[in-house]
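Number of protein chains: 2
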Amino acid sequence: MIKNITILGSGNVATHLGKALLKEGYSINQVYSPNKDNAFDLANELNAMPCDDPKFITDESHIYIIAIKDDFIDKIAQQLLLKDKIVVHTSGSIAMDVLSQFDNHGIFYPLQTFSKDTAVNISDVPFCIEANNEATKNHLLALAKTLSNKVYEIDSEQRKKIHVAAVFACNFSNYLCSISEDILKENNMDLDILKPLILETAQKIQTNSPIAVQTGPAKRNDQEVIENHIKLLGNTEAYKDIYQLITDNIIKQHNGKL
Amino acid sequence: MIKNITILGSGNVATHLGKALLKEGYSINQVYSPNKDNAFDLANELNAMPCDDPKFITDESHIYIIAIKDDFIDKIAQQLLLKDKIVVHTSGSIAMDVLSQFDNHGIFYPLQTFSKDTAVNISDVPFCIEANNEATKNHLLALAKTLSNKVYEIDSEQRKKIHVAAVFACNFSNYLCSISEDILKENNMDLDILKPLILETAQKIQTNSPIAVQTGPAKRNDQEVIENHIKLLGNTEAYKDIYQLITDNIIKQHNGKL
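Residue numbers (my numbering), protein chains in the order written: chain A, 1012 to 1269; chain B, 1012 to 1269.
FYI, nobody ran anything at the bench for these hints, they're computed from the structure. Incorrect hints may appear among the rest.
If several chains are the same, the list does not tell them apart, and a pair holds so long as it fits within one copy or across any two.
[Said to hold, decoys possible] Under the rule of at most 20 Å between Cα atoms (straight-line distance), these lysine to aspartate or glutamate pairs were calculated in the DMTMM-like manner:
hint : residue 1 : residue 2
1    : Lys1263   : Glu1197
2    : Lys1161   : Glu1211
3    : Lys1215   : Asp1135
4    : Lys1196   : Asp1166
5    : Lys1263   : Asp1252
6    : Lys1096   : Glu1071
7    : Lys1086   : Asp1233
If we strip away everything but chain A, and leave its shape as in the complex, we get:
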């Protein structure tokens, strides 16, 4: 049974995960961050000892959760002398074998966007679990299930696909909303007027397949509206290009061809 945990990192994932683990009764032994103030701040919140130098990371925990920027996971892992402990990282895009030096290693990936000041209901956060052996996998599944109702076994190949799917559904959708905000501001309006519609769009696909609830001029292949919209976008080439490309693909999706 996992009881004692060391957290490497002090960012959004480390913070939300650390707090959730503490709340569930786990002991956080140490919080490591190369930035001393950050290490102290989060350690303080988690009743843990701070640490700003990898060589002082102790071997007293059952599990070491690396929740730092993708580019530094490899580097920090090289500095850990924890051969028989469980070592995991929380990244969506880094392969598991970056941790292959550890006998028991895996992935503990919470599939959510965390912000420092926004509370997240961790029991709704999907956790993607992978491990290099059965015993480790079972430990990680058990740990994740104490936090969340949505625990998935996901291999590294699938995790990469989830990540690219998330880029479309989340990063790109957010960018499209930034285009909307820009168009509205240019015309002395505010994104506020669209916010209920944006939320309803996301809520609708909680219970429906997106393709089944697609609406709009492209879905209807309404060329008159489409041409007017392209004219309205005026000289903003980037917006016109995106409008045209996505419209063409929605028409293909729903009408079989352009």
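Let chain A serve as the given structure and place chain B on it in line with the hints.
This is chain B only, laid out in the frame that chain A set:
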């Protein structure tokens, strides 16, 4: 004061609007639909008289709300003999002057996506109001304010811009989620795993500007991840094109150049 209302149409907007108006104490006199069954069904729900022929639409209401498909608004308006009544339509993309034959005409546009079986909290729905004269405008504003806390005066030019902005934020975002679903299904997974993230993405921009909460590999200009994603998208040219175009524009937005 508007008290008696005639609703032309029996679709999602007509239904949700009719029910909300009835609940607020208005009388719905007639419900018109060219489809007799639809006219009867909605009229029955709204304690109104059904009507399936425009020439039997009576002149006893204060306001006539045309909530039918864009393409038919003009045609139905031509058949109404209601010179001194208030006549409005509920469309986001049709100009107000399609109703210019009526002395008192305007727009009563609820900016939300309505589905037949999904309850919508009408008090959160933004209403966009426009009218050809001050008295009509005040009647429409008062009517909308009995339904919603979010009532905006929006002219036809602004309404067109809102509509194109909504296409980006809602129709196109929904399409991107259909790409995500397709990628996941191809890899034996389900959109369920992304749903909490999709909802959180929409919730985040209820209180933040999208540009301020942009995340992902394009935002970080992380070329290694971007190249891997494009490889992963394999032979699906459409997805690769969309990935590349939006990624390029996010990089430009956050880094000033490619």
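The hints, checked one at a time:
For a Cα distance limit of 20 Å, the shortest separation of Lys1263 from Glu1197 across copies, 19 Å, qualifies, whereas the shortest one inside one copy, 31 Å, does not. Only between protomers do Lys1161 and Glu1211 lie at most 20 Å apart by alpha-carbon distance; the minimum there is 16 Å, versus 23 Å within a single protomer. Within a single copy, Lys1215 and Asp1135 get their C-alpha atoms as close as 17 Å, and across copies as close as 16 Å, so both meet the 20 Å cut-off. Taking the shortest Cα distances, Lys1196 and Asp1166 sit within 20 Å of each other only across copies (15 Å), while inside one copy they are farther apart (44 Å).
With identical chains, the CA atoms of Lys1263 and Asp1252 are at most 20 Å apart both within one copy (17 Å) and between copies (14 Å). Taking the shortest alpha-carbon separations for Lys1096 and Glu1071, only the intra-copy value of 9 Å comes in at or below 20 Å, while the best inter-copy value is 81 Å. For the homomeric pair Lys1086 and Asp1233, the shortest alpha-carbon distance between copies (18 Å) is at most 20 Å, but the shortest distance inside one copy (54 Å) is not.
In this structure, every one of the numbered hints holds.
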